[in-house]
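Let the hints inform the model, and build the full structure from the sequences given.
Heads up: the protein sequence lines correspond to chains A and B, in order. First residue of the first sequence: 1, per the numbering used here; consecutive thereafter. First residue of the second sequence: 1, per the numbering used here; consecutive thereafter.
Be a bit skeptical, because a hint or two may be false.
Claimed, not checked - Quick list of simulated restraints, FRET-style, between CB atoms: (1) A:A18 x B:P157: 30 to 36 Å; (2) B:G71 x A:L47: 51 to 57 Å; (3) A:R89 x B:W51: 33 to 39 Å.
Derived from the structure by calculation, the hints contain no laboratory data. Here the structure is a predicted model, which means the values were calculated and not measured. C-beta: ideal position from N, C-alpha, C; glycine also.
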Amino acid sequence: MTKVGAARTTFIVLVFAALELLCRLGVIPRVTMIPPSEMIASLWTILASGKFNSDIFFTLYNIVAAAILATVLGFFIGAGLHALPRLRRPLVPLMSAYYAVPTFVFYPLLIVAFGVGRTALIVMGAMFGIVAMIVNTTLGLDHVPPAVDRTAAILRLDRWRALVLVRLPAAAPHLVTGLKLAVAYSVIGIVAGEFILATAGIGKRIAFSYDNFDNRTMYGMLLLLLIGVMIVNGALSAWEKRLHRRFGQQ
Amino acid sequence: MTARRLDHVLLLVGFLALWQLLHWAVGPDVVASPAATIVRAGALLGTPAFWGHINATLTAFALASVISIVGGIALGLWLGLRRFAGDVADPILGTLYSIPKITLYPIILLMFGLGVSAKIAFGVIHGIFPIAIFAMNAVRNVAPVFRRTARVMRLSPLATAATVMAPAALPEILAGIRVGVALTLLGTLIGELFAATSGLGFVLIRAMDVHAVVDILAITLLLFCFAACVNASLRLVERWARHGG
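Take a look at the structure:
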C-alpha cells in the first residue's frame with residue numbers, strides 16, 4: 001500500500017474508532033446513533049436473514065430502470081440540443097438551476113398519474129437523473145476535437161455513423177461523468193420517493209424504522225444503501241478517470 | 001443581442017405551450033395549467049404569511065451558504081496547499097460529495113431535532129464538499145510558473161497568496177461556490193420538507209399532504225425562478241473574475 005493509501009486508511013479507521021468510542025461512552029446517546037460495530041452487525045443480520053430482500057431488490061430494480069431511462073433519453077436529448085445551439089443557449093442557466101430545487105416535490109403528482117408503485121418511483125428517479133446526462137452529453141460533444149470531426153468528414157461518414165463511430169468515443173469521458181451523475185441523482189429521486197410514500201423499498205424501510213424508533217434496523221439499512229452507492233460510484237469514477245487519461249489530453 | 005432575446009422568448013413560449021398541452025393531456029389532478037399556476041404564485045406572493053415562510057427559508061439558506069462557503073474554502077485551501085493531506089483527502093471528499101445526503105435525514109433529525117439548525121445542517125452537508133473540492137483543485141491547478149515567479153520576485157507568503165494565488169485560483173473557487181450554493185439551497189429545502197415547522201419546504205410538504213396541485217406547482221415555479229436568478233448572478237461574478245479580475 002502506498003503512503004497516501006496507508007494514511008487514508010488510518011484516518012478512516014480513526015474516525016470510526018472515535019465514533020465507536022463516543023457511542024460506547026454515551027457521549028452520543030443511543031437514541032441518536034448506535035455504535036458503528038452494531039450497525040455492521042445489524043446489516044449482517046438483515047442480509048443473513050433475508051427479511052428485507054424484497055425491499056432491497058425493489059429499490060435496486062427501480063434504480064437500474066431509472067438510471068437506464070435517464071442515461072438513454074438524456075443522451076439523445078443532449079445530442080439534439082448540441083445540434084441546436086439556439087435552443088441550447090437559453091436552456092443552459094435553467095439546467096444548472098435544476099438541481100437547486102427538490103424536483104421530487106412532483107412525486108405526489110406522479111402518484112396520481114401512475115398510482116403508488118414502481119412506475120411513479122422510476123419516473124421520479126429518471127426525472128431527477130436525466131438533466132445531469134443532458135448537460136454532460138452536450139459538454140462531451142463540445143469537447144470533441146475539431147481534428148477528429150474533420151477526420152470523420154474526410155472519411156465521408158454520414159451524420160449517424162460519425163456520431164456513433166467517431167464523436168461518441170471522443171466524448172466518452174464526459175458521457176461516463178453523465179452516467180455517474182445520472183445514477184447518483186436517480187438514487188436520490190427514488191429514495192426520496194420511497195421516504196415520502198411507497199409500498200416497499202430501502203427508503204420506505206428506513207423511514208418506517210425511523211418512525212418506530214427502531215435505530216438498529218434504520219442504521220443497518222442506511223449502511224447498506226451507503227455502501228452500495230459508494231461501490232457503484234467508486235467503480236464509475238475509476239472508469240471515468242481511466243477514460244479521461246486516455247482521451248483527455250487532446 | 002436581439003436574436004438572443006428572441007430565442008429566450010421563443011423558449012418561454014414553447015415551454016408554456018408544452019406545459020399547457022401536458023395539462024390538457026393528463027388533467028388538473030396531475031398538472032395544473034400554467035395560467036392557474038402563475039395566478040396562484042402571484043396570490044401567494046401577496047400574502048404576508050407566505051412572506052414569513054420565504055424569510056424563514058432565506059435566513060436558513062443564507063446561514064447555510066455562509067457556513068458552506070467559509071468552511072469549504074478554508075478546507076479546500078488547506079488541502080490544496082498541503083499536497084500530502086490533499087492526496088489523502090481527495091477520494092474521501094469525493095465520496096462524501098457523491099453519497100445521497102437525503103438518506104442521512106434521519107441522522108440529522110436525531111442529532112439536531114426539528115427546527116432551524118436541522119435545515120441549516122442539511123444545507124451545509126450538501127454545499128460544503130463541492131466548494132472544498134473546487135477550492136482544493138483551484139489551488140492545485142495554479143500553474144507552477146506563477147509560484148516560481150512569485151519566488152523569483154521574493155514575495156512574502158502573504159503577498160504571494162494575495163497577489164498571485166488568489167487571482168489565479170479565484171475563477172475556479174467561484175465556480176465551486178456556484179455549484180455549492182445551488183446544492184445548499186437543495187439541502188435547505190430538503191431539510192424543510194422533512195424537518196421544519198416553517199419555510200417554503202414546509203409549505204410544500206403541507207401542500208403535498210392535501211394534494212394541492214396548484215400550490216405545489218406555484219411554489220416550485222417560484223423556487224425555480226429564485227434558483228435560476230441566484231445561479232445567473234453567480235455566473236456573472238464568475239465571468240467577471242475570469243476576464244476582468
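To see whether the hints hold, each was checked on the structure:
no.	hint	result
1	A:A18 x B:P157: 30 to 36 Å	holds, 33 Å
2	B:G71 x A:L47: 51 to 57 Å	violated, 36 Å
3	A:R89 x B:W51: 33 to 39 Å	holds, 34 Å
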